[in-house]
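Number of protein chains: 2
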Amino acid sequence: MNKPIKDLKPIRVEASPFPGSKKVYEPGVLFPDLRVPFREVALQKEANEPPVSLYDSTGPYTEEGFVPQIDKGLPRVREQFVLDRGDVEFIEGRKVKPEDNGNVSAERLAPEFPNLPKVMRGKPGHKVTQLEYARAGIITAEMEYIAIRENIRRKQEAEVIRDGEDFGASIPDFITPEFVRDEVARGRAVIPANINHAEVEPMIIGRNFLVKINANIGNSAVTSSMEEEVDKMVWAIRWGADNVMDLSTGRNIHNIREWILRNSPNPIGTVPIYQALEKVNGVAEDLTWEVYRDTLIEQAQQGVDYFTIHAGVRLAYVHLTANRVTGIVSRGGSIMAKWCLAHHKENFLYTHFEEICDIMREYDVTFSLGDGLRPGSIADANDRAQFAELETLGELTKVAWAKGCQVMIEGPGHVPMHKIKANMDKQLATCGEAPFYTLGPLTTDIAPGYDHITSGIGAAMIGWFGTAMLCYVTPKEHLGLPDRNDVKTGVITYKIAAHAADLAKGHPAARAWDDALSRARFDFRWEDQFNLGLDPDTARAFHDETLPKEAHKTA
Amino acid sequence: MNKPIKDLKPIRVEASPFPGSKKVYEPGVLFPDLRVPFREVALQKEANEPPVSLYDSTGPYTEEGFVPQIDKGLPRVREQFVLDRGDVEFIEGRKVKPEDNGNVSAERLAPEFPNLPKVMRGKPGHKVTQLEYARAGIITAEMEYIAIRENIRRKQEAEVIRDGEDFGASIPDFITPEFVRDEVARGRAVIPANINHAEVEPMIIGRNFLVKINANIGNSAVTSSMEEEVDKMVWAIRWGADNVMDLSTGRNIHNIREWILRNSPNPIGTVPIYQALEKVNGVAEDLTWEVYRDTLIEQAQQGVDYFTIHAGVRLAYVHLTANRVTGIVSRGGSIMAKWCLAHHKENFLYTHFEEICDIMREYDVTFSLGDGLRPGSIADANDRAQFAELETLGELTKVAWAKGCQVMIEGPGHVPMHKIKANMDKQLATCGEAPFYTLGPLTTDIAPGYDHITSGIGAAMIGWFGTAMLCYVTPKEHLGLPDRNDVKTGVITYKIAAHAADLAKGHPAARAWDDALSRARFDFRWEDQFNLGLDPDTARAFHDETLPKEAHKTA
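Sequence lines, in order, name chains A and B.
For any residue, its number in our numbering is found by taking its place in the first sequence, counting from 1, and adding 94.
For any residue, its number in our numbering is found by taking its place in the second sequence, counting from 1, and adding 94.
Chain A with its partners taken away, still in its complex shape:
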């Protein structure tokens, strides 16, 4: 039924080292086979400084000489660690059904990924999630990997200058594997790493770690193809996306997602209700628990690392949005609200929440509890609907934790600056310090075309206040689907916000980067300024526009 793979056009993704940089790897101590990546930037001779190491979430695509083989997928570096724990088994796995790809005709079907891995699942009664291991006092390979990664090659014995205001966070001078374990055990951090996403380079999301960012990609009924989405994913992580969400809503969702997962070194999140809705032809009222459940299993077995689940959109809250300026703007939120009202029943994601936990636990899929009632405008920020849902998310967090599942909480949205901190404080109080993962927030509604900026302001602030991951907003927000340039602009803007937050929190690994670049700037070491920058290509191009001569770079 699939298009023969030989007809597949070669898929191009950007793969090249960053200028002046090389990729280096550090081994583990508990797990000597670990290869934890860093970007090492060599400086000009006259700097008389050692190379600068940066956190690197770009995967093998920035390795010297790496040739992507998209139809083979990335090396499954994590698989052996998962198998070594002895808690998983290979299973047959759910068979792909025509509805998984929107019943699309053979000619229009995206090709199936030709190199499908075997599906793993936790053995009954065994630990499978990072949370369960952490609680049992076990330091996993993923945890040691993350500890090494978060220190960015600083030495434990090196002097640490702490300068910041962290609003009650507990960032240590040095990250040890034991600290990672402890934070995961407390639920204060999550490691999104489905056992079936063995290509993942582990990363952590938590208030006491570096602030992370997420980029959304995904096709729609109107535009885009598998090739474009894989390219966008690689492009997003090249510029710094720690996580990528595939928000596809058109056809071919299953097949496109497989290609993304097999080629992504970073965790992939989804909103399963989007695919479930496609399976019932877009009619929210026709959604059922059975269709949704089947979709969860489908995606969990493919290796999706976290699911946005709008289980907090309770029937009783829907009327709270009636007098809003912008009602319900979350797509998942409005789907569930429609379902609740049509059936006059409680949200089935809420009523079946324990069963959802049981599925997600078997594959270690992390919860991202969705904020379906988030404000869609400055006018609606911090209202009763939003906070009622947040309280329910706090209640569900405890349920998921009791089931051994990892949890993070999604946050708004559109919030003026003076109301941002209240969001963070309420989330911390309500959700037991489970990591907060926010979209922006946008701090004004007057600038369509520039919402990466309206929201970058809010993102930097909420990151400072304690949000663990910032979901990017691109210039196309509210206007259309982001293209490659928009993805890059969104990612760079959010890397800025995340790093500004790390600096303000006083994260001990943050400031070395700024200082190295500032010294280069003061010494007019242009090459170092470019190479140390978040986006060396743009910095160089801008410089060369007015001062194109080589002499100007060394003057």
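Rather than coming from a laboratory, the hints here were simulated on the basis of the structure.
Among the hints, a few may not be true.
As the list makes no split between identical chains, a pair holds if one copy fits it or if it spans any two.
[Claimed, not checked] With a Cα cut of at most 20 Å, we get these calculated EDC-like pairs of lysine to aspartate or glutamate: (1) Lys139 / Glu157; (2) Lys432 / Asp617; (3) Lys432 / Glu158; (4) Lys515 / Asp260; (5) Lys520 / Glu259; (6) Lys249 / Glu120; (7) Lys432 / Glu143; (8) Lys515 / Glu259; (9) Lys117 / Glu134; (10) Lys492 / Glu379.
Please read these numbers as outputs of a predicted model, since none were measured by experiment.
Given the coordinates of chain A, work out where chain B should sit on it, guided by the hints.
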């Protein structure tokens, strides 16, 4: 000596109304001849809403049918109000000297503006500055103009919902001319309006008014021409620059400035030491009080509305920068530090400060006391050098006020988020609430090419905390001179920051704009979303990229 004006190529500047908008004017009550401009955006019929009025700082260039005549200059709408006060006289004025234009040869000389106005100066012993009028209890035409402007056509009797955190500001529900007068009299606000800049549409800079933004333009020894600078000025104000600083440093400084002033409806600021330095061939050590004094008079008589004066860079503070990562990065600061060290003498701007006041008072040039020791990197933020200078600026503020001069204070620079509020608090405490005018601040140093964003974050925050005007940073910061696109990006970014600050402060005139756009968004009124946006052209273009059909705009 000048190129004959007939050889002048026609100068093109952008002049057209905003889409869906028309320019409307309101008269005064005390001064019925006032014509206070607003941008009125008509909404789609189905909105069933009255048009939305927006603050409009774009000058006549956005009037329907306006044809710019750059070699004639704008109408001198303010002249009669100045003359009616009876406190000024026409004088001969200083003659232009070859050194004013860098002794440039005839062929390379920028043409002289062909329609020079007569120079005005305050009569000896008479009030001339807005501060002096305010103190005397006089409401000037400028003050009533500003009161009308700041209310954005809200009615005094309309209900006001206050929602914000203003950190001790005193923003009233409705701005009266008397409130404007009182704020100016206290020194808490300034009206930059040189009596010789009669083309100015008056505006106010103060913590209890809408947050304003400044755009920098200017040629350099390497690039740019008069035509380009006039075009950039008009372009900057089109997108929302309330003020423009001409930071030209090459030749032809005098002539280019004349063209800018005669065609700018918005206040123009300069850094006179830049031109003074050109007059001594770029050798800082050769600067003298006499050259500087002559430059102040030259520029004051042309109509420059405010001068950045780095009088706080005292000899004793220079060594405080010795251990900085980025030393002294302010151009004016480093010029003065060099002079101080070369002569081992106190800064002549400090020792001659009272004489400077006497000159500026005669034309009502506002002080912008420069922060020559501002930090140039995250590492140097809030250090002793920076704050020592700020204390001196506080001392000088009192001197200038005693002389009847208006004063604002410049601020940093590069400051991580957790250190921003300390800047605002210290400025308020040290400088008697004189308006703060900050560059950014940049909240991280890792993103050359994106410093509009690194700084837009800091600008929004410091604007919220109480900064009255935000000086933009463009994507080319640290890399090269901004072109037209960079100017627009910088201005839009800073309009976002300023408006986000207004919202967070709870300015009663701010939120109507967001709410109107949010309603349009919720109703899928695409035309209204575009037209209400800060940048309708970009919003429309982005929308049309993915959904180009007309039908999609009304769906």
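Ascending list of hint numbers which this structure does not respect: 1, 3, 7 and 10
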